[in-house]
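Asker: Read off the chains here:
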Amino acid sequence: MTTSELTELLAVGLQETAWMVFVSTVLTAVGGLLLGILLVLTAPGGMLSAPAVSSVLGFVVNVARSLPFIILLVAVIPFTRAVVGTTIGTDAAIVPLTIGAIPFFARIVEAALREVPPDVVAAATAMGATRRQIVGKVLLREARPGLVAGLTITVIALVGYSAMAGVVGGGGLGDLAIRYGYQRFDTQVMVATVVVLIVFVQLVQMAGDLLVRRLSHR
Amino acid sequence: MIEIQGLRKTYRAKGRRDRAVVAVDGVDLSVAEGDVFGVLGQSGAGKSTLLRCVNMLERPDEGTVTVGGVELTALKRRPLRLARHGIGMIHQHFALLSSRTVAGNVAFALEVTGVPRNERRERVAELLELVGLGGRADAYPGQLSGGQKQRVGIARALAARPKVLLSDEATSALDPETTDSILRLLLDLNQRLNLTILLITHEMTVVKRICRSAAVMRDGRFVESGAVTDLLHRPGSELARGLFPLDAPTSLAGHAVVDVTVSGEEADAPLLAEVARRFEIDVRILAGSVEQLAATRAGRFRLALPAGDDAPLAFLRERGAQVSPAVAEPVARPVDRPEPDETAAPTSRPDIQGAAS
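Line order of the protein sequences matches chains A and W.
Numbering that gives the first Met the number 0 applies: residue 0 is where the first sequence begins, and numbers increase by one.
Numbering that gives the first Met the number 0 applies: residue 0 is where the second sequence begins, and numbers increase by one.
Any given hint could turn out to be false.
Unchecked claim - Pair ranges (Cβ atoms, derived):
1. V25(A) <-> E32(W): 51 to 61 Å
2. E114(A) <-> T9(W): 25 to 35 Å
3. R64(A) <-> E32(W): 31 to 41 Å
What the hints assert, rightly or not - Short, incomplete list of chain W residues facing chain A, as computed with Cβ under 10 Å:
4. M55
5. R80
6. I89
7. T112
It is worth saying that the hints were derived from the structure and are not from the lab.
Glycine is no exception: its CB is placed at the ideal position from the N, C-alpha and C atoms.
Whole structure, please, built from the sequences with the hints as guidance.
Answerer: As structure tokens, then:
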């Protein structure tokens, strides 16, 4: 394989990975935040204390997190078809990626929100803050460093998951490494792919760390 | 300004219905407008729960809480939220938003109370000036000392111009000098803004420095409560013992040993010299001190006078002193002992307080 062919392969793979990870990260951030907030609010003794809702949500999250990603990928195929109209390709891979990552990120959100000291929440309540203000201006705002750190972890997990998107023809770097490196014993492509992935992950982590430092004033 | 009647609050240990802890067990409390009222007690006495019931951070099981004429216990969520704007609160561990600057923390309180954006900046500056933090508006709480953090807490609590300030062990996490400066600030605010202050503390110093009224709380109940001056003159007062501990024998051969409390002008009058001269007796001071309290100057002594003559004691009483036979004071005084952190969530309190009893 010539260098230009390799570069071409990597460029396409990187683009696909970046797209899948980007879109599913955006969707996961929104979905995971909502679910995480709901987990905290409905917990027994929480602001919207609803133990029944809380345990159902918790159970669903745990089930989703128990499934190996490859199984989830196949299991949600009917849903994928309904949402994006096709079951193969990069866009089709985004659906299971998002579904897999939301419960993961939701637990991270839950943990980050619980880190906010209870007396800070009590102080806001004592001032006469509304529940909306407490969630938005106290919980989410105070937990920002933890949320960003958690999102960084989620993005990198998504990079890993996206390697399996090849099963539904999603493409991407991970798929490239599996097809060329694993199935065809093309060490050159595999090493090159892995190097690109390492750099990608490093950059994501560094960006995340930088942002966390910016946000943290403790 | 604050009226509490028959307040009761019980915590049930999680999953163990049989193990309930009565945190507040029938408390009546009345704080007059402009007063500084201190509730003194050890950890687990229920004072923290009592305070949290005043602004309904905890819903009492029984009893009524009325602040500024509004019965809070009867309010639904929304009116309660609005009523809370009129009640400031400061906390032992400051409870500031770490992600906002000093100015941002004060502005938060204004946002919550619905002060329009364009008025906030000016009001924030004014409040920070009031608590002596004018120059630190852009610092983050993480960059401040404990005393400065509490000043931010106070500025924030005053943002909505409340009539009442609740103080939850506000100086317990501070060193003595900083405690002093915060107490001076509170007293100053009390006088300048006619702010009614209800505070809970385990530190005798706090009562000594700023409280005009006080209550001693134990096992969820008030052991005694009232104006500090009145309590000092009440025989057997725990507050008197706490403020003026007398570490001396209660008997002396051939002598009557008495505890004498004086306050107001008499605290500085040459009363003992007068007794000695007038009755030509030797008066021994076994223990005692005179101190400046927020309410008054006061002193308490353990005296030994020659036995068999009641005239000197009658004279002391006549001059406004409270005189009673000396009583040995328990080694463990009711208050002024360091206590563990009280920030634990209410649900875990029963365990902390040792529910086994």
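Asker: Indicate, hint by hint, whether the structure satisfies it.
Answerer: Structure-based check of all given hints:
no. : hint                          : result
1   : V25(A) <-> E32(W): 51 to 61 Å : holds (55 Å)
2   : E114(A) <-> T9(W): 25 to 35 Å : holds (30 Å)
3   : R64(A) <-> E32(W): 31 to 41 Å : violated (57 Å)
4   : M55                           : holds (9 Å)
5   : R80                           : holds (5 Å)
6   : I89                           : holds (9 Å)
7   : T112                          : holds (7 Å)
Violated hint: 3 only; the structure is consistent with all others.
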